[in-house]
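Participant: So for the sequence shown, my numbering puts the first residue at 1; every next one is plus one.
Among these hints, one or two may not hold up.
Said to hold, decoys possible - Per label pair, the in silico range of CB-to-CB distance: (1) 283 / 310: 26 to 34 Å; (2) 169 / 225: 34 to 42 Å; (3) 374 / 429: 38 to 46 Å; (4) 154 / 235: 22 to 30 Å; (5) 368 / 30: 35 to 43 Å; (6) 221 / 192: 25 to 33 Å; (7) 35 / 221: 13 to 21 Å; (8) 221 / 193: 25 to 33 Å.
Claimed, not checked - With a cut-off of at most 27 Å between alpha-carbon atoms, the simulated DSSO-like pairs for lysine-lysine come out as follows: (9) 114 / 65; (10) 154 / 370; (11) 189 / 150; (12) 165 / 150; (13) 173 / 370; (14) 65 / 271; (15) 173 / 189; (16) 114 / 271; (17) 271 / 324; (18) 65 / 281; (19) 60 / 271; (20) 60 / 324.
If you're looking for bench data, these hints aren't it; they were derived computationally from the structure.
All C-beta atoms in this analysis are idealised placements derived from N, C-alpha and C, irrespective of residue type, glycine included.
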Amino acid sequence: MRYAKRTALVFMLLLLMGQIGWAASENSMVLTLEKALSIAEEQNLDILSARQELIRAGGKQVEAKAGGLPSLDAGATYTRREKPDAGSDEENVNTASLTLTQPIYQGGRITAAKRQASIEQRQAEFYYKEVFEQVALNVYNRFYSVLLEKENVKTAEDALLFAEKYLEEVKKKRALGLATGLEITRAEKQLAENRTGLIRANNNLEIAKINLLELLNIRPETSYEIEGALSYNPIEGDMESSLTKALSSRADYQRAELQVNVADQQIEIAKSGMRPSVSIKGTYRYDDPEQTLYNSKDTWQASINVDIPVMDSGLTHGRVVQQKAVREQAVHAVNKKEESILTEVNSVYLDLETASQVVEEAQINLELAKETLRLSEVGYREGVGIQLDVLDARASLTNARREYSSAVKDYAYAIVRLRKAEGILTEEPVLP
Numbered sequence: 001m002r003y004a005k006r007t008a009l010v011f012m013l014l015l016l017m018g019q020i021g022w023a024a025s026e027n028s029m030v031l032t033l034e035k036a037l038s039i040a041e042e043q044n045l046d047i048l049s050a051r052q053e054l055i056r057a058g059g060k061q062v063e064a065k066a067g068g069l070p071s072l073d074a075g076a077t078y079t080r081r082e083k084p085d086a087g088s089d090e091e092n093v094n095t096a097s098l099t100l101t102q103p104i105y106q107g108g109r110i111t112a113a114k115r116q117a118s119i120e121q122r123q124a125e126f127y128y129k130e131v132f133e134q135v136a137l138n139v140y141n142r143f144y145s146v147l148l149e150k151e152n153v154k155t156a157e158d159a160l161l162f163a164e165k166y167l168e169e170v171k172k173k174r175a176l177g178l179a180t181g182l183e184i185t186r187a188e189k190q191l192a193e194n195r196t197g198l199i200r201a202n203n204n205l206e207i208a209k210i211n212l213l214e215l216l217n218i219r220p221e222t223s224y225e226i227e228g229a230l231s232y233n234p235i236e237g238d239m240e241s242s243l244t245k246a247l248s249s250r251a252d253y254q255r256a257e258l259q260v261n262v263a264d265q266q267i268e269i270a271k272s273g274m275r276p277s278v279s280i281k282g283t284y285r286y287d288d289p290e291q292t293l294y295n296s297k298d299t300w301q302a303s304i305n306v307d308i309p310v311m312d313s314g315l316t317h318g319r320v321v322q323q324k325a326v327r328e329q330a331v332h333a334v335n336k337k338e339e340s341i342l343t344e345v346n347s348v349y350l351d352l353e354t355a356s357q358v359v360e361e362a363q364i365n366l367e368l369a370k371e372t373l374r375l376s377e378v379g380y381r382e383g384v385g386i387q388l389d390v391l392d393a394r395a396s397l398t399n400a401r402r403e404y405s406s407a408v409k410d411y412a413y414a415i416v417r418l419r420k421a422e423g424i425l426t427e428e429p430v431l432p
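Work out the full structure: start from the sequences and follow the hints.
Facilitator: See the structure below:
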């Protein structure tokens, strides 16, 4: 009976500990690459700033449209006179007026301003995409860095576990008279170095996590479990098709092209300085009949105003020359951007090819390091090898694993850079 109670108590304690562990794991939120990209779109400060650019562009459209709509002005006048006028005993005179003005033609300035505002709205949309693409690239880089540091922690843990087991093995051989004190000292030294390596690996992992959370605009003390793993997935691509895709999808290139259209509208606005302008104006005025010589309370008048510039001493010509020069600069900027995109796509393809070769060589090196360690352990165990061979082989295996993980990360990031160079990273994300 006592045994049954004890068993039940142990079972309840295990169940409670399991629930506590489950609750602790629940408090640590899982962060995948896809979720990180989604959070960045909602919270990254650069993206939030780019959204304000969209709002600003919308405000400019409202401003441009208002230039062709009627405006209504109200006015009031209060006059205090020292002496009343003849025919009026009042010293105070009150008047009020309303004036409605409707522009009809302003030399093409209003139409050009509306077109320019519409173009700048599209530019703002492309700017938002450009910022989002860059932020997404940074998210990939920092997320992959976290995954790399996680792999390095695993490598360091494996190296430490080996060092602990190896030290125990050497101590047993020492007890049997098959190992020297120097060999124990070497094993202890390797154990200490691997402990230090694990500490550094964990520190680098935490720093990588903090850098990622900073980019996502998340407080560093927030508990997140980064989920994912690096893998080598070779791809095939065509440089010409990537270049064509880039010129049709890159937001920065499309924004540069639109800047030429903006310059065209600026030229039209500058030319309007020597073109006629037409507007209609209507005025309603109220005068207190007891305070003035007027017999009527209110009066109104309507007029059509036509202004024809005759000479401005070259002011308009100078402005047109300036805007034409700005347009030529915009055209050159488009050509320069095209060359820059060509260079970037070529560079990414070269990096992708190099990264692929590095991964393959690192994989071969890793397999050789494993085999070298196995052979050195067998030789040392059978007395035909020395301890230093084992220690060197183990250190080489640790370095080979780190190099392989780093190579896989570089290749995965090169694929992301290719999508970014093509201008489709946010539309076709690279997800596992």
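Participant: Look at each hint and say if it fits the structure.
Facilitator: Going down the list of hints, with the structure as the test:
1. Between residue 283 and residue 310 the beta carbon distance is about 27 Å. The supplied range of 26 to 34 Å therefore holds.
2. With their beta carbons about 35 Å apart, residue 169 and residue 225 fall inside the hinted range of 34 to 42 Å.
3. At roughly 41 Å, the beta-carbon separation of residue 374 and residue 429 lies within the given 38 to 46 Å, and the hint holds.
4. For the pair residue 154 and residue 235, the beta carbons lie near 26 Å from each other, so the given range of 22 to 30 Å is met.
5. Judged by the Cβ atoms, the range 35 to 43 Å given for residue 368 and residue 30 holds: they are separated by roughly 37 Å.
6. For the pair residue 221 and residue 192, the supplied restraint of 25 to 33 Å holds, since their beta-carbon distance comes to about 31 Å.
7. Restraint check, residue 35 to residue 221: a C-beta distance of roughly 19 Å satisfies the suggested window 13 to 21 Å.
8. The beta-carbon spacing between residue 221 and residue 193, approximately 31 Å, falls within the hinted interval of 25 to 33 Å.
9. As the CA atoms of residue 114 and residue 65 are separated by approximately 6 Å, the hinted pair is consistent with the 27 Å bound.
10. Proximity of residue 154 to residue 370 is assessed by CA-CA distance (about 16 Å); at most 27 Å being required, the pair is judged to hold.
11. Simply put, residue 189 and residue 150 have alpha-carbon atoms about 25 Å apart, close enough for the 27 Å limit, and the pair holds.
12. Of the supplied pair hints, the one linking residue 165 and residue 150 holds, its CA atoms being roughly 23 Å apart against a limit of 27 Å.
13. Between residue 173 and residue 370 the alpha-carbon distance is near 24 Å, which keeps this suggested pair within the 27 Å criterion.
14. Between residue 65 and residue 271, the direct Cα distance comes to roughly 19 Å. Compliance with the 27 Å bound is thereby established for this hinted pair.
15. For a cut-off of 27 Å, the pair hint linking residue 173 to residue 189 stands: about 17 Å separates their Cα positions.
16. Proximity of residue 114 to residue 271 is assessed by CA-CA distance (about 16 Å); at most 27 Å being required, the pair is judged to hold.
17. Our distance criterion of 27 Å between C-alpha atoms is met by residue 271 and residue 324, whose separation comes to about 11 Å.
18. The straight-line distance between the Cα atoms of residue 65 and residue 281 is roughly 19 Å, inside the 27 Å bound, and the hint therefore holds.
19. Distance check on the hinted pair: residue 60 and residue 271 sit about 21 Å apart at the alpha-carbon level, within 27 Å; holds.
20. The suggested pairing of residue 60 with residue 324 holds, with an alpha-carbon distance near 23 Å, which does not exceed 27 Å.
Violated hints for the displayed structure: none, as all numbered hints are satisfied.
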